[in-house]
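2 protein chains.
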Amino acid sequence: MRGAVIHAPGDVRFETLADPKISRPTDAVIRTVATCVCGSDLWPYRGAEPVDEPHPMGHEYVGIVEEVGSEVTDVKPGQFVVGSFATSDNTCANCLNGWQSSCLHREFMSTCQADYIRIPNAHGTLVATDEHPSGDLVPSLLAVSDVMGTGWYAALAAEVRPGSTAVVVGDGAVGLCGVIAAKELGADRIIAMSRHASRQKLALEFGATDIIGERGDEGIARVKDLTGGIGADSVLECVGTPESMRQALHSARPGGNVGFVGVPHEVSVEGQELFFSQVGLRGGPAPVRRYLPDLIDRVLSGRINPGRVFDLTLPLDQVAEGYRAMDERRAVKALLKP
Amino acid sequence: MRGAVIHAPGDVRFETLADPKISRPTDAVIRTVATCVCGSDLWPYRGAEPVDEPHPMGHEYVGIVEEVGSEVTDVKPGQFVVGSFATSDNTCANCLNGWQSSCLHREFMSTCQADYIRIPNAHGTLVATDEHPSGDLVPSLLAVSDVMGTGWYAALAAEVRPGSTAVVVGDGAVGLCGVIAAKELGADRIIAMSRHASRQKLALEFGATDIIGERGDEGIARVKDLTGGIGADSVLECVGTPESMRQALHSARPGGNVGFVGVPHEVSVEGQELFFSQVGLRGGPAPVRRYLPDLIDRVLSGRINPGRVFDLTLPLDQVAEGYRAMDERRAVKALLKP
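Line order of the protein sequences matches chains A and B.
Start counting the first sequence at 1; every next residue gets the next number (the numbering used here).
Start counting the second sequence at 1; every next residue gets the next number (the numbering used here).
Heads up, some of the hints might be wrong.
On the chain B side, residues computed to face chain A include the following (Cβ under 8 Å) [what the hints assert, rightly or not]:
| id | residue |
| --- | --- |
| 1 | Asn90 |
| 2 | Asn94 |
| 3 | Leu96 |
| 4 | Leu226 |
| 5 | Ile230 |
| 6 | Gln278 |
Here are a few chain B residues that sit away from chain A, every Cβ distance over 10 Å (derived from the structure) [what the hints assert, rightly or not]:
| id | residue |
| --- | --- |
| 7 | Pro44 |
| 8 | Asp52 |
| 9 | Ser70 |
| 10 | Trp99 |
| 11 | Ser101 |
| 12 | Asp130 |
| 13 | Leu137 |
| 14 | Asp188 |
| 15 | Gln200 |
The set of hints was computed from the structure by calculation and includes no laboratory data.
Backbone N, C-alpha and C define an ideal beta-carbon position, used for all residues, glycine too.
Whole structure, please, built from the sequences with the hints as guidance.
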């Protein structure tokens, strides 16, 4: 089979790789129906994370089950499945608490920009749809495997509740999905921070009620203006830089909550500042597995359409162009089809 | 009147001071019935915070109302009152959200180790009891004004729930009150981290089910041993040092919560570590005013007895000895009576 391999920052190649095989009884192998490039894939692509040796890329996927190990009984060959970027056995203490992304047997997916994918912990990771979905639903089901699940987690971690005010920091695919999540969870007012016209437009279509283009202290002041001077109930931090975290923490009111889902890079939070803010803070890799059944239902029923974050679709063998387009901000998110 | 003044680290004096007066229509002046020395008073006493010029000390108090300003209608002269160390108007947006310790008109109390005290924002800060309490209840009512309210907040910020497991980091007065709070809020298992026999004993009497004497990695390993390998649902951080914060964050399970109420000194939290822990974190000065009616009821009904944290009672004019005894760890907490 063939798949994407990163050799160095800026250098992603589509290469012949060994076909994946069942190596443990809890494995499955799926044939990729769609995969994509994640904002977090850009960290190594941009040299912000080291690339010590060439390695495959990709952690988002939907596909058709090809083969399962002997202990995989919930899904079977031929089924269309959605999984999480973090695999989980769904039976350990952390899974039972609903924190499957901290499964004691977790393995992060990292080989999904390929024709076929081995899924570890397949028994606790994959969720099959009743029937094969129509092609127009595939992008949204793919989004559920990471960005929509992550936006959902951001909104839950930020404790978005009916009638509350939410701020979304970051207008990438996760931030835009965070707008969907805040809307679904009942926020009355959703303030999206974005400076890009096309993303502002999509945020508004997803349910944002206000757009703030300013950043830093000006952005914080604008949020305060819109929230009675005290800040928002909930803030979704969907970037992962020191600037975005500062923006988020200062946009929340005392007693409010920040859910942070952008993998933090060189971020640290000063204890006394967090203390006097009285803001609650929770982040992490989203426990997407917990949300999969619900989010798949919302997609299949047409209630949400997070697949709209894909504004570029390419054949899988043009994966390198997908990275380039996202790096150059010509695309929010690139979907890849084998 | 007379009151405590700190002149330099280690130098607290009991001096003649100007009598407090009503300076705003929302003020009250109370005659002190009891006050005390707080763990946080030891920061400047030990030189960990600067003492730029001599200033009065003390922020915990119960007393009898002497005089009220024209806008103070809820309490009247002659009543016994309990208040918070953070004053609040109880009408601003933050107060209405239940975060009175971030009141837009907040003033922190700082002159309470004295015969008489001016209370700013008295209308939204003081809660009167129906009648004058008997003397044996005074220490517990005094505790409610700060350490019991703060332990309560730590337990709520750590989301202690019926049946949960809670760890309390810190065996000072706040930590011990945190044990009471965890018990009242229904925790099944309460693990107190303490190396002092007398404090261990009091923690057990307050409801702790386990004591851990180890600290650092050993202490964390012991918590994991007692919590199925994953950590506790809730951790109350009641110290405020880098070591105690690390202890707390590593003692919580993925998806668990840390409530931190020790004012952080040189503490910073690394973003990626917090991210992958998936631990929720909330701290701050406790919104004691929100809890006052409930906690006063629990004291008056005999349900809780946080006044037991006072293991030294002195005449107010011996306030310097109170500081010394706490600094030398001869006392957990010193109560002072004019």
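Hint by hint, here is what the structure shows:
Hint on Asn90(B) is violated. Least Cβ distance to chain A is approximately 14 Å, over the 8 Å limit. For Asn94(B), the interface hint holds, the least distance from its beta-carbon to any beta-carbon of chain A being 5 Å, beneath 8 Å. The beta carbon of Leu96(B) is not positioned within 8 Å of any beta carbon in chain A (closest approach about 10 Å), and the interface hint is therefore violated. Given hint, Leu226(B) at the interface with chain A, is violated; its Cβ is 13 Å from that chain's nearest Cβ, farther than 8 Å.
With 8 Å as the threshold, the beta carbon of Ile230(B) comes within range of chain A, its nearest partner Cβ sitting at about 5 Å, so the hint holds. Because the closest C-beta pair between Gln278(B) and chain A is about 4 Å apart, less than 8 Å, the hint holds. Every beta carbon of chain A lies more than 10 Å from that of Pro44(B), the smallest distance being close to 15 Å; the non-interface claim holds. Against chain A, the non-interface label of Asp52(B) holds: every CB pair exceeds 10 Å, the least being about 18 Å.
Every CB of chain A lies more than 10 Å from the CB of Ser70(B), the least distance being 27 Å, so the non-interface label holds. With a closest Cβ-Cβ approach of about 4 Å to chain A, Trp99(B) is found to fall inside the 10 Å limit, against its non-interface label. Not every C-beta of chain A lies more than 10 Å from that of Ser101(B), the closest at about 7 Å, which undercuts listing it as non-interface. Its beta-carbon lying about 30 Å from the closest one in chain A, Asp130(B) satisfies the requirement of being farther than 10 Å from that chain.
Annotated as non-interface, Leu137(B) keeps its C-beta farther than 10 Å from every C-beta of chain A; the closest such distance is 30 Å. For Asp188(B), the shortest C-beta to C-beta distance to chain A comes to about 15 Å, beyond the 10 Å cut-off, and the non-interface label holds. Every beta carbon of chain A lies more than 10 Å from that of Gln200(B), the smallest distance being close to 27 Å; the non-interface claim holds.
Of the hints listed earlier, those the structure fails to meet are numbers 1, 3, 4, 10, 11, in rising order.
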